[in-house]
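Trainee: Below are the chains, spelled out letter by letter.
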Amino acid sequence: MTTNIFNICPTCMHLSVCVLTDSKEKVWSCSDYEEAQTPPTPKPTLTKEHERTLELV
Amino acid sequence: MTLTQDVKKPAKPNAKGMVENVLEQFNSAANQINLHPSIRKILSITNNEIIVNFPVKMDNGEVEIFQGYRVQHNNALGPYKGGLRYHPTVDIDAARALAMWMTWKTSLAGLPYGGGKGGIQIDPSKYSKSELERITRRFTFALADNIGPEHDIPAPDVNTNDQTMAWIADTYMSTRPPAERSANQHVVTGKPAGSGGLEGRDRATGFGVFLTIKFWAEQHNQELKGKSFIVQGFGNVGYWAAHFLETEGAKMVGVQDAYGSLYNQNGINVENLFSYTKTNKGSLVGYSAAEDISKDDFFSLDCDICIPAALGNQITADNAHLIQAKLIAEGANGPTNVEGEKVLLERGITIIPDILCNSGGVIASYFEWLQNRNGELWNMDDVIDKLERKMRSSYEKVSHYAKKENLDMRTAAYCIAIERIEKAYIQRGIFP
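These protein sequence lines are chains F and P, in that order.
Per our numbering, residue 1 is the first one in the first sequence, and the count goes up by one each step.
Per our numbering, residue 1 is the first one in the second sequence, and the count goes up by one each step.
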């Protein structure tokens, strides 16, 4: 399992303005944390890779 | 390999923070009580670490594989207890430390619980609500009997909430035989009030912070009326702590949230400020009845009580000498680091440690678990009353121990927590 430095600041909606801390690289708990709400990336609807077409012979 | 020395530090040599703090605190208390070396070995390592990879169908029909985990540190005193977080950065080392922290917290609070922690490596904002539901349900299914109402009881954490808990409870209960489903409702805590949740859970942590301050004041024959306090963080913990302090006549003179810091020597009305933030996108900035101050000046404000209730590593060697408060009540987890604490204690400032001060939340979780287990529905007054009695008992134990052994409150709290677990192991022995 890949381990990363645990940090919740990058996904917080207050990241760019937050004055609570300058050390925004190792915050694992914060009562003011609110996840930035980015709209889910629209995912393409799956289509069949190969569609059978009838060939008239 | 035999572990009889101090618990080994994490592999990252430069990683200073919560993990190292927890281990230093454990070692300090373990040395203080001369913890049995065998039990030290047991407590220095987690019991179980479960990693699950599970598939979930997305809204567009595609299947994604997710990785979730559950770390179970120790269950000598009862079922594992701890939160589940959904976040893209997952550090198993931090999860181990958090699970360990829960073991101390539940032990200190006198609860019949151990410690655990878990989550899924996921950015919830990238998924729709229905996808999150399926992810949660499949995760619950993947964990299977690794969780259970008498074995491991998850709760909300970062990016999980009462809705998440309701999905987990519903999924888990659905896997039980029909006649047993209702009997498994207490598999998680933090459920919505209408689904077995507890009235008053939202204010329990903040109320607990207030109570420990109240007990400290009583112990020193002081009244809270007229006392000034500052609070960092105006979210769930900070707001409720301030609310209850204000009802006792204390005066909030400073407050800080993610957006800014306010100060008014004559006091800032908590309810008015809270109402203002509701109309100002959750921010206290621009509140007219107080002045804006620099974030760097916040912790040096003139006050009697300082309540860091937001995040960790706030009071350090750099600013501990500037603190004017006579009491620090740690509403957040790890707000005072080891170097900062040393300075504060040398200056004669009392610290009510986090594992005592903010334990109101986990005690309320216990009440919710009991409520479900007993088939009861408690009202707010019952909850508040029981919470006060439980917190008073914990506070008095810590205070008494600290005085008797001439220790600071944090070391005393850890000693009590670890001794309780040590006693359990000594009485029960090790199977076989």
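Some hints could be false.
No more than 25 angstroms apart at the CA atoms, straight line, and that leaves these computed lysine-lysine pairs for PhoX-like [to be verified]:
#, chain 1, residue 1, chain 2, residue 2
1, P, Lys-397, F, Lys-24
2, F, Lys-26, P, Lys-126
3, F, Lys-24, P, Lys-281
4, P, Lys-342, F, Lys-24
5, P, Lys-397, P, Lys-342
6, F, Lys-24, P, Lys-41
7, F, Lys-24, P, Lys-295
8, P, Lys-397, F, Lys-26
Just so you know, the hints here were simulated from the structure itself, not pulled from any lab data.
Trainee: Now, for every hint given, state plainly whether the structure supports it.
Mentor: Okay, the hints, checked on the actual structure:
Taking the CA atoms of Lys-397 of chain P and Lys-24 of chain F, the gap is near 36 angstroms; set against the 25 angstroms cutoff, the hint is violated. As the CA atoms of Lys-26 of chain F and Lys-126 of chain P are separated by approximately 22 angstroms, the hinted pair is consistent with the 25 angstroms bound. Distance restraint check for Lys-24 of chain F and Lys-281 of chain P: the Cα-Cα separation of roughly 22 angstroms lies within the 25 angstroms cut-off, and the hinted pair is therefore satisfied. Restraint check for Lys-342 of chain P and Lys-24 of chain F: satisfied, since their Cα atoms lie roughly 24 angstroms apart, inside the 25 angstroms limit.
Between the alpha carbons of Lys-397 of chain P and Lys-342 of chain P the distance comes to roughly 23 angstroms, so the proposed pair stays at or under 25 angstroms and holds. The straight-line distance between the Cα atoms of Lys-24 of chain F and Lys-41 of chain P is roughly 34 angstroms, outside the 25 angstroms bound, and the hint therefore fails. The straight-line distance between the Cα atoms of Lys-24 of chain F and Lys-295 of chain P is roughly 15 angstroms, inside the 25 angstroms bound, and the hint therefore holds. A threshold of 25 angstroms between alpha carbons decides the hint, and for Lys-397 of chain P with Lys-26 of chain F the separation of about 33 angstroms lies outside it, so the pair is violated.
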